[in-house]
Amino acid sequence: QKEVEQDPGPLSVPEGAIVSLNCTYSNSAFQYFMWYRQYSRKGPELLMYTYSSGNKEDGRFTAQVDKSSKYISLFIRDSQPSDSATYLCVPREGYQKVTFGTGTKLQVIP
Amino acid sequence: EPEVTQTPSHQVTQMGQEVILRCVPISNHLYFYWYRQILGQKVEFLVSFYNNEISEKSEIFDDQFSVERPDGSNFTLKIRSTKLEDSAMYFCASSESVSTGELFFGEGSRLTVL
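Chains as they are written, first to last, in the numbering used here: chain R, 1 to 110; chain B, 1001 to 1114.
No lab work stands behind these hints, which were simulated from the structure alone.
Built from N, CA and C at the ideal position, the CB exists for glycine as well.
Check before you lean on any hint, since a few could be wrong.
To be verified - With a straight-line cut-off of 25 Å between C-alpha atoms, the simulated SDA-like cross-links for lysine to any residue are:
1. K97/R <-> M1015/B
2. K105/R <-> L1046/B
3. K1057/B <-> A17/R
4. K67/R <-> P1008/B
5. K70/R <-> E1102/B
6. K70/R <-> E1085/B
7. K1042/B <-> G16/R
8. K1057/B <-> K67/R
9. K1042/B <-> A29/R
10. K42/R <-> E1085/B
11. K70/R <-> T1100/B
12. K105/R <-> A17/R
13. K67/R <-> T1100/B
14. K1042/B <-> N27/R
15. K105/R <-> N1074/B
To be verified - Here are the simulated distance ranges between beta carbons:
16. E1053/B <-> T99/R: 39 to 47 Å
17. Y71/R <-> V1024/B: 35 to 43 Å
18. I1054/B <-> E3/R: 34 to 42 Å
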């Protein structure tokens, strides 16, 4: 079993839709949960960061972590074409290097 | 807003040539990284650097690669004898702390090896 699993997509949604991006992980030692966003031909950028279980909201973005089921979600409300990018979930232990999977490619259609 | 800057944005080189990719991290950051991304693939960790030495490196980072912080601002990645498979986008990143995992990435340097 891979340590982190994320559906690679692509996921196509109409503008204005609510998007749900999900990740599962197997390592119960993970405590830090991040979502990075990568636009085509650009470097990743940190979008959301949470520590342990719970929800965190930032504008149209909400990150959810359920440590009991080892499930991470990112919700995007009122999705915009500018949200079209690859979204990378990065759970990790503290002081561990940041490693990326293939992420989920999202396309928001105008 | 402070940012990580990388030069060159694109470099074309012949196989076997040496290449130096340059990065200026965010000024108060202490941790520096190089990642690479082959077209269509995931971003891969190469090396991390702290306190003027390598703190961790991946199996990709073999003897043809080296990193240096020659002065107080630049952070360089040298590829000694480039191979075709070194063609990729190379991203430099820096962070203030290693615990948070918040990395700030540059725009990348595209390396094409012919």
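Here is what the structure says about each hint:
1. Between K97/R and M1015/B the alpha-carbon distance is near 31 Å, which puts this suggested pair outside the 25 Å criterion.
2. Only pairs whose Cα atoms come within 25 Å are accepted, and K105/R paired with L1046/B is accepted, the gap being roughly 23 Å.
3. A hinted pair counts as satisfied when its Cα atoms are at most 25 Å apart, and K1057/B with A17/R does not qualify at roughly 41 Å.
4. With a CA separation close to 42 Å, the supplied pair K67/R and P1008/B exceeds the 25 Å bound.
5. Straight-line distance between C-alpha atoms of K70/R and E1102/B comes to about 21 Å, which keeps the hinted pair within the 25 Å bound.
6. Restraint check for K70/R and E1085/B: the C-alpha separation of about 36 Å exceeds 25 Å, so the hint is violated.
7. With a CA separation close to 28 Å, the supplied pair K1042/B and G16/R exceeds the 25 Å bound.
8. The straight-line distance between the Cα atoms of K1057/B and K67/R is roughly 29 Å, outside the 25 Å bound, and the hint therefore fails.
9. Note on K1042/B and A29/R: the hinted pairing holds, with a Cα-Cα distance of about 24 Å set against a maximum of 25 Å.
10. Of the pairs offered as hints, the one joining K42/R and E1085/B holds, with about 20 Å between alpha carbons and a cut-off of 25 Å not exceeded.
11. Restraint check for K70/R and T1100/B: satisfied, since their Cα atoms lie roughly 19 Å apart, inside the 25 Å limit.
12. As the CA atoms of K105/R and A17/R are separated by approximately 16 Å, the hinted pair is consistent with the 25 Å bound.
13. For the hint linking K67/R to T1100/B, the alpha-carbon distance of about 18 Å falls within 25 Å, and the restraint holds.
14. Using a Cα cut-off of 25 Å, the hinted pair K1042/B and N27/R holds, with the two alpha carbons roughly 21 Å apart.
15. With a C-alpha separation of about 33 Å, the suggested pair K105/R and N1074/B falls outside the 25 Å cut-off, and the hint is violated.
16. Separated by about 21 Å at the C-beta atoms, E1053/B and T99/R break the suggested range of 39 to 47 Å.
17. Separated by about 39 Å at the C-beta atoms, Y71/R and V1024/B satisfy the suggested range of 35 to 43 Å.
18. A hinted range of 34 to 42 Å for the beta carbons of I1054/B and E3/R is inconsistent with their spacing of about 24 Å.
The structure is inconsistent with the numbered hints 1, 3, 4, 6, 7, 8, 15, 16 and 18, although it conforms to all the rest.
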